[in-house]
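Enquirer: Below, each chain spelled out in residue letters.
Number of protein chains: 2
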Amino acid sequence: MPRPRFDNLSPEKRERILETAAKAFAADGYEHASMNQILADAGISKGAAYYYFDNKADLYGATVNHYLQEFLGDVPWNFAQTTAVSFWPTLLQVYREQFSQFAERPWVFGLVKSGGPVAAEVLAEGPLAEMWQTLTTVLDDLIRRGRELGVVRDDLPEELLIALVMALDETHDRWLLAQLEDQNAATLDTAAERMVNLLQRLLAPA
Amino acid sequence: MPRPRFDNLSPEKRERILETAAKAFAADGYEHASMNQILADAGISKGAAYYYFDNKADLYGATVNHYLQEFLGDVPWNFAQTTAVSFWPTLLQVYREQFSQFAERPWVFGLVKSGGPVAAEVLAEGPLAEMWQTLTTVLDDLIRRGRELGVVRDDLPEELLIALVMALDETHDRWLLAQLEDQNAATLDTAAERMVNLLQRLLAPA
DNA sequence: ATCTGGTTAGACTGTTCGGTTAAACCATAC
DNA sequence: GTATGGTTTAACCGAACAGTCTAACCAGAT
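Respectively, the protein sequence lines represent chains U and G. 20 is the number of the first residue of the first sequence in my numbering; add one for each residue after it. 20 is the number of the first residue of the second sequence in my numbering; add one for each residue after it.
Worth double-checking, as some hints may not be accurate.
Said to hold, decoys possible - Rough simulated footprint, nothing fancy, chain G against chain U, three-plus residues with beta-carbon under 8 Å: (1) 79–88; (2) 189–195.
To be verified - So the derived label-pair ranges between C-beta atoms look like this: (3) D73(U) / P30(G): 26 to 36 Å; (4) D47(G) / A223(U): 31 to 41 Å; (5) N55(U) / T102(G): 35 to 45 Å; (6) P224(U) / S105(G): 18 to 28 Å; (7) T206(U) / P30(G): 39 to 49 Å; (8) A197(G) / R124(U): 32 to 42 Å; (9) M20(U) / T206(G): 24 to 34 Å; (10) D73(G) / D208(U): 30 to 40 Å; (11) A225(U) / A197(G): 15 to 25 Å; (12) S64(G) / A225(U): 50 to 60 Å.
The set of hints was computed from the structure by calculation and includes no laboratory data. All C-beta atoms in this analysis are idealised placements derived from N, C-alpha and C, irrespective of residue type, glycine included.
Go ahead and model the full structure; you've got the sequences and the hints to work with.
Expert: Take a look at the structure:
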């Protein structure tokens, strides 16, 4: 986590740093993104940066946490009250909201995925652990609840299912990102339906 | 492609170089694998290496081509004669053969995937282009034939389907790799069935 | 014995990486 | 005016990277 001082910075500067970092991480991934480049683009000196952040992972963690909060923040991730009937429609609603945000800030999508190829060591501890935990826990709850309701298959290890769901999601998002120019409200709506359909095919009981 | 001299090397040395490189690329991915480390592990000097290979991509290309040939070489990739009935069983047979090779040389699996995160620029041209072309063409033919037979959905862009299939395949293989110790002939057979089932779910017409 | 040329070793180059440090800057307090 | 201390700068560091270069090696020909 960044030093508390970071919060005392002017909102413009703070946002400029985080946004620059976010775009870089989204475009190049955590490992491949260059600290030097980010700081140069953000118009901040190296010393200043390390005055606020412990290291690269710290900056990444702050960036992800910042944007992930508004990205996943008010989504009805609470599947506890869903029924067998409402399970898929609820998921569809989640994707609809996600994809509507996609239209405004497409690069946030890349950011979420940027940590994928990061070494497990880096991910397991430090500031990245929190958001990684959050993400996997959400999926974990989703699948577990789906199983309780009998709408998610029980014949494959949960671990494998999670990995498959993430792969499908990431691939679809990446494809969507590549077709960025052609997207509008209607296409994004069908994209949400398409995504849920894919998950349904994958996860439905045998 | 490596210099022709490379073929004049003793088979032992040639194989030792390629195998060392393959394991490194499989373990760390193309970008993250260290040339210095590979050469040190292979017991070959830097000068000697660059006497046979133009650069890192060249070594990678040679490595992938070498192992991909025996990996995909004699598989019945010819789906031209398949029927609607035999389509999925044929695919199952392909996976059975693949996974039986998995038992012998698990690291070859990682090798095939190692190029994934490689920059598109590197992949598009140079020695890697050939194998990339081969791989996508195979999938292209598969999906196209499946559509002709009416066993593969027609409502999604082929480009997206290919990406999804690769993602599913890669994820499943990675999972299999992680469970390496627990695998035997029986589990690998069910793994093939599981994989085909996943593809069937994904690709079946609506 | 000497020469030749394919082969090899490994020191070296230039670049980029994440990260450190000493000095300077500058608003505030005295 | 001057001292203080939070902030900033840019030079600098060591490590790692892919790739180059020169000198040496050494089998076979002369």
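Enquirer: If a hint holds in the structure, say so; if it doesn't, say that too.
Expert: Structure-based check of each hint:
With 0 residues carrying a beta carbon less than 8 Å from a beta carbon of chain G, the segment 79–88 of chain U misses the three-residue requirement, and the given coverage is violated. For the segment 189–195 of chain U, the assignment as covered by chain G holds, since 5 residues bring a beta-carbon within under 8 Å of that chain's beta-carbons and 3 suffice. Taking the beta carbon of each, D73(U) and P30(G) are about 51 Å apart, not inside 26 to 36 Å as hinted. Between D47(G) and A223(U), the C-beta spacing of about 37 Å keeps the proposed range 31 to 41 Å intact.
Checked against the given bound of 35 to 45 Å, the beta carbons of N55(U) and T102(G), roughly 58 Å apart, lie outside it. Restraint check, P224(U) to S105(G): a C-beta distance of roughly 27 Å satisfies the suggested window 18 to 28 Å. T206(U) and P30(G) have their C-beta atoms about 55 Å apart, which leaves the hinted 39 to 49 Å range violated. Separated by about 34 Å at the C-beta atoms, A197(G) and R124(U) satisfy the suggested range of 32 to 42 Å.
Range check, M20(U) to T206(G): Cβ separation about 43 Å, and the 24 to 34 Å hint is violated. At about 49 Å, the CB distance of D73(G) to D208(U) disagrees with the hint of 30 to 40 Å. For the pair A225(U) and A197(G), the beta carbons lie near 23 Å from each other, so the given range of 15 to 25 Å is met. Evaluation of the 50 to 60 Å hint for S64(G) and A225(U) yields a pass: the beta carbon distance comes to about 56 Å.
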